[in-house]
Amino acid sequence: METDIAALINAVRDNVAKRVHATFPDMESNTFSIIVKQTVAAMKTSIQENEHKMKITGSGTNFLSLSAELRNQIYEYALQPKDASVPRQRYCGCGSMSTCSATKLKPCRKDNMHDLRVSRKQRHKIPALLHASRQVRSETMALFYSDKYFAFRIPTPQLRNEAADWLRAIGPTQKAMVRKVILRFQMTSGRLAICVCRVLRGMSFFRSVPLFKIRKEHILEACGLDELDRNLFKIEYRHHDGRIVELKESDMISISGPHNMEGEEYFELV
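Position 51 of the sequence shown, counting from 1, maps to 51 under full-length UniProt numbering, and the rest follow consecutively.
Derived by calculation from the structure, the hints in this document are not laboratory data.
Where hints are given, some of them may not hold.
What the hints assert, rightly or not - Heads up, simulated DSBU-like pairs for lysine-lysine below, C-alpha to C-alpha not over 35 Å straight-line:
| # | residue 1 | residue 2 |
| --- | --- | --- |
| 1 | K213 | K248 |
| 2 | K148 | K44 |
| 3 | K213 | K148 |
| 4 | K18 | K44 |
| 5 | K234 | K216 |
| 6 | K148 | K248 |
| 7 | K148 | K180 |
| 8 | K180 | K213 |
| 9 | K180 | K248 |
| 10 | K234 | K248 |
| 11 | K175 | K213 |
| 12 | K148 | K234 |
| 13 | K180 | K216 |
| 14 | K216 | K175 |
| 15 | K180 | K234 |
| 16 | K213 | K234 |
| 17 | K175 | K248 |
Unchecked claim - For each label pair, taking beta carbons as the anchor points, the in silico distance ranges come out as:
| # | residue 1 | residue 2 | range |
| --- | --- | --- | --- |
| 18 | Y77 | Q38 | 32 to 38 Å |
| 19 | Q38 | S146 | 42 to 48 Å |
| 20 | R230 | S133 | 32 to 38 Å |
| 21 | E217 | S133 | 38 to 44 Å |
| 22 | G202 | R179 | 28 to 34 Å |
| 23 | D226 | M177 | 17 to 23 Å |
| 24 | A176 | K37 | 51 to 57 Å |
| 25 | Q38 | R179 | 54 to 60 Å |
Positions of the beta carbon are idealized from the N, C-alpha and C atoms, including for glycine.
Could you put together the complete structure from these sequences and hints?
Right, here's the structure in full:
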């Protein structure tokens, strides 16, 4: 311990001398020596006063003894990147999640021995840092949820409720911390318009939504998110030329090209 302290003090002395000389190159040598000695002496005194604590704990410091500012900087680095795509897991009993073709309406093609429809189980994965301790969890929870945007890839209408299911699963406290959710529809605007129209008409027998007037609020309603603030959500869809396009608040989407609403298996809804 004494050897380590001596080495630390020598290193601090050299560093202080270099920094002072670089900042004040014209300083008199006597003044320079006094400043360096006083700085090193103050640090040495502080180390000696706390040396018994270091011996008891076995280390000079721990993470929670750092300042709140420094801890927050570490949290920000640890919780990168900003995009937290929420994973989707599907189970039908075949044991091959990556190649499973099952939906709630038809069995998996890989296994003729069962006729199970898939039941989706969404696992909300949070960084291991949030499990470190109760204090760390309380400090990082708000940062994790408010500083990220959570993206949901929606390739078929059957998966349209996953964002709503996830927000329900994380609980009201964490849901209130979320600042941005992205719904990434893997379909063109025309197909998306058909999907939304059919869902809304199914929710209310007498409801009629014109296909050329589908707006952001209609999509959120079809996804079970209409009770939340619309500004929380960003909606993206695939343009007919392959580009990913964001649906603005004032935008409307309509059918582009021929579509068979009744015969298209792709739009079988739950």
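Task: Violated hints - listed by number, lowest first - done: Hints 2 and 25 contradicted; others consistent.
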